[in-house]
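> One letter stands for each residue in the lines below.
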Amino acid sequence: MSQAHDSSKSQHADEGAELEPRQAAALLEETRLRAQRQFDARPPFLLLTGAVIFLLAFGAVWSSVRGQDPYVGPTGWALAVTYGGIVVWIVVVVSVVRRAANGVCGLSRKRRADRAGYLFIILAYSLFQWALFHAGASRAIVYGIFPASAPWHYCGAVPFTLGAVREEGRAMVLGVVLLAIGIAGALAGPVAAWLASGIGICALLVVFAVVQFVKRSAQRWLNANRWT
Amino acid sequence: MPIDGLDPLIHAPARLRIMATLAALSEGDALSFTRLQGLIGLTSGNLITHLRKLEDAGHVNVDKSGNGAASLTTVSLTTVSLTTVSLTQQGLRALDAYTVALRDLIEGL
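First to last, the sequence lines map onto chains B and L. FYI, the working numbering numbers position 172 of the first sequence as 172, with every residue one higher than the one before it. FYI, the working numbering numbers position 49 of the second sequence as 49, with every residue one higher than the one before it.
Treat the hints as calculated values from the structure; they're not laboratory data. Worth double-checking, as some hints may not be accurate.
To be verified - Partial list, computed: chain B residues near chain L (C-beta under 7 Å):
{"hint": "1", "residue": "Pro21"}
{"hint": "2", "residue": "Thr31"}
{"hint": "3", "residue": "Ala35"}
{"hint": "4", "residue": "Phe39"}
{"hint": "5", "residue": "Val87"}
{"hint": "6", "residue": "Ser108"}
{"hint": "7", "residue": "Ser217"}
Quick caveat: nothing in here was measured; it's all calculated off a predicted structure. Each residue gets a CB set at the ideal place from its N, CA and C atoms; glycine is no exception.
Chain L with its partners taken away, still in its complex shape (with noise of 0.2 Å):
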């Protein structure tokens, strides 16, 4: 159940931790799909899955260096390694957003 004010495509515990990840990483980094899936501990198709709503909404910027339609299709071990995976700009306002709008949430308690 949406709670209002909070960004619902966020609030979710698996892409609250994938945000909160990319965010801690220097400016200009991006990282690996396979240290990503390592920090958040969920298999490939479930950060996949997470990942295209983010990046969908403009929040994460997914880069594959592999190619062709199968780097597309298939989650292979090569192909997920060569996936880097990035926050926004939009994506770390929107995470900045977020954590004011938990903080007035929490507050009003």
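Excised from the complex, chain B in its bound form (with noise of 0.2 Å):
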């Protein structure tokens, strides 16, 4: 019964609704512009908050080890600020994320699925840093130069992995960023492999944030002079 009350409705409120072409363009592109902004997963904010939480992050550890002779690694403080950080960026990004995935399936979400072995990534890389102690390896290898940079080899593997089964470009081209970033780190130094690292990650972030940025505007442009 309601649906058809609401029906008889529609009927009203939209086939007799008078709309002019100026009014429909308006309409159009203020309706696909909220619709970009609502299905959008990397607004430039957020990438622009992890660049400067990983430059903190991982500047801190740096921060804390620099002048060490021997080296002994990070201090308690240091990994306090740096796993925090890093705690909040996922939590501001699995929030953003869902959001704006809420009510949308397909291709993406199937993509947005693989993100999980990202899970496995920490798992691997937490027990090959334990293995590592295990066999008796140098401090400066267990807690300097593996865990300043084996997670962006880790990390720059699987997009790389993706975009070649996928033939996607930009998933490779993000991949070999990260492994690059990993192999800076590694070449560092114990000491410097932190700072490599945070500004490697931080200057990522701000890149990917700016082309977003430009996309944005340039579609906001093409919006703006599509009618005149």
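Fit chain to chain and form the complex, with the hints in mind.
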């Protein structure tokens, strides 16, 4: 009954409505822009927040190990800042992605499920670090070069492999950049590895944020000029 | 009153908003009925009516994962939450054609 009532209301509310061309154009663009914002899982503010958090987190560890001779490893407060910052960012990312993905199903959702692979990476990374410690590797390796650079090797392998399988150039480039950050960190040594990783990830996220911002601005400009 | 050159099926506020919202999805994606309803701000009945018209024209694809006749005749919370809507290739082309026609019309004003 209520459906029939709604339907008749719809006929009156919509079919009879006069929609001038300029009104239609404004409605179309407003709706399109609003929907794009609603479905955007990578807004520039999120990427810039991540850039600041990673720089501060890795900078804190670098600050705590700077000047250590012999190398001992990050202090407790520095690790707390690092892991705390990363956990905060992950929580923010998950909430933004969930909001954008709410009610969306299909190809995007299947691809987001791939990201569960990163949890496996964290597990594999932690086990390998434990194995290095167990094998008697130096503190510079176990608490310096490995934790500062190895995560980016692992994280780079995922988008590169998926990008190669799906023939997606952007994912492959992301994988290569992450790998390059990891290699640069490893080559920089146990102390500078933290700074190199922090600057590298910060720069990567800033570039992504700028790209997203430029794309949005270009879209807005196109929309504004579509009707003139 | 229909305006020359504009598809009357799309040239209605609610259906125009439905089409524009679905067009913002990534390729291969569909949107749940409840999220679409939240974004458009129509009642279930209104939205179903407009979606039926668009579906009959082949502009949208409505996929019901509910089972049996009940899902077709009853608008229950469970049923609508299992319904997804996506724009078809034909719908995308129709929206593009509508946009071009609308621009030409505005330029001529």
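> For each hint, tell me whether it holds in the structure or not.
Verification of the hints:
1. At a threshold of 7 Å, the smallest CB-CB gap from B/Pro21 to chain L is about 5 Å, leaving the interface hint in force.
2. Evaluation of the B/Thr31 hint against chain L yields a held restraint, the C-beta minimum of about 4 Å falling below 7 Å.
3. Because the closest C-beta pair between B/Ala35 and chain L is about 4 Å apart, less than 7 Å, the hint holds.
4. A hinted interface residue such as B/Phe39 counts as satisfied when its beta carbon comes closer than 7 Å to some beta carbon of chain L; here the least separation is about 6 Å, so the hint holds.
5. Taking 7 Å as the C-beta cut-off, the interface hint given for B/Val87 is violated, the closest approach to chain L being about 29 Å.
6. This hint holds: B/Ser108 has a C-beta 5 Å from the nearest C-beta of chain L, less than the 7 Å allowed.
7. Here the hint on B/Ser217 is broken, as its CB sits about 17 Å from the closest CB of chain L, past 7 Å.
Hint check: violations occur at hints 5, 7; the rest are consistent with the structure.
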